[in-house]
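Going down the list, the protein sequences come from chains E and G.
Numbers given in the working numbering equal positions in the first sequence, counted from 1, plus 137.
Numbers given in the working numbering equal positions in the second sequence, counted from 1, plus 78.
Simulated from the structure, these hints should not be mistaken for laboratory data.
The reader is advised that the hints may include incorrect statements.
As the list claims (entries may be wrong) - Okay, the calculated beta carbon distance ranges per label pair: (1) E:Lys152 x G:Thr146: 32 to 38 Å; (2) E:Ala139 x G:Glu132: 29 to 35 Å; (3) E:Gly188 x G:Val123: 23 to 29 Å.
Heads up, the beta-carbon is just placed ideally off N, CA and C, and yes, glycines get one too.
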Amino acid sequence: GAGVSQTPSNKVTEKGKYVELRCDPISGHTALYWYRQSLGQGPEFLIYFQGTGAADDSGLPNDRFFAVRPEGSVSTLKIQRTERGDSAVYLCASSSLGQGIGGYTFGSGTRLTVV
Amino acid sequence: SQKIEQNSEALNIQEGKTATLTCNYTNYSPAYLQWYRQDPGRGPVFLLLIRENEKEKRKERLKVTFDTTLKQSLFHITASQPADSATYLCALDMDSSYKLIFGSGTRLLVRP
Numbered sequence: 138g139a140g141v142s143q144t145p146s147n148k149v150t151e152k153g154k155y156v157e158l159r160c161d162p163i164s165g166h167t168a169l170y171w172y173r174q175s176l177g178q179g180p181e182f183l184i185y186f187q188g189t190g191a192a193d194d195s196g197l198p199n200d201r202f203f204a205v206r207p208e209g210s211v212s213t214l215k216i217q218r219t220e221r222g223d224s225a226v227y228l229c230a231s232s233s234l235g236q237g238i239g240g241y242t243f244g245s246g247t248r249l250t251v252v
Numbered sequence: 079s080q081k082i083e084q085n086s087e088a089l090n091i092q093e094g095k096t097a098t099l100t101c102n103y104t105n106y107s108p109a110y111l112q113w114y115r116q117d118p119g120r121g122p123v124f125l126l127l128i129r130e131n132e133k134e135k136r137k138e139r140l141k142v143t144f145d146t147t148l149k150q151s152l153f154h155i156t157a158s159q160p161a162d163s164a165t166y167l168c169a170l171d172m173d174s175s176y177k178l179i180f181g182s183g184t185r186l187l188v189r190p
């Protein structure tokens, strides 16, 4: 597609449930990033993929969070046993160069609300 | 750890004036500094990138400066328009890698 696509755009879930958030990057972009943005704050880094492998997952807050990119394109961020504190906008970005020298292209995000 | 400060108060200016937004950081200078625009309900949109060894970068009505002595970047929009109203985010790439550290952003309101 022309841009980074994220689905769903909104997700409301009950505390304790499992959720999956999907990211479809720009075709041909090998680098993919997940960020999380809370209200009034800038995005915070979660995880970076180069190809199929997670090159850096140091931003994942705990082991309830996991992300995959099995074929080097679409990525899924998975959150187990959701907590109210997980509520935020989850942003995905991609770039053609791993170093982001040309800037990242972000999707519109998935707004996750845990009730 | 690196901290980034952007003015949390909204900047309110008259159409046609120049908007100047500030990004200050602590600790050591990043390899790259990027500016993004974010509209409500949307993801950030990349605007400009400036390297550590560059003083200034321009793109159309936008200008970014980078002063590693002051540990500061200024972002200017000349001849501002109401359509420029948005939140502007500063982001640091510390070591030419993939991990950006974002500021909280400054909201710009341009009055017609």
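Hint check:
no.: 1; hint: E:Lys152 x G:Thr146: 32 to 38 Å; verdict: violated (46 Å)
no.: 2; hint: E:Ala139 x G:Glu132: 29 to 35 Å; verdict: holds (30 Å)
no.: 3; hint: E:Gly188 x G:Val123: 23 to 29 Å; verdict: holds (25 Å)
Of the numbered hints stated above, the single one contradicted by the structure is hint 1.
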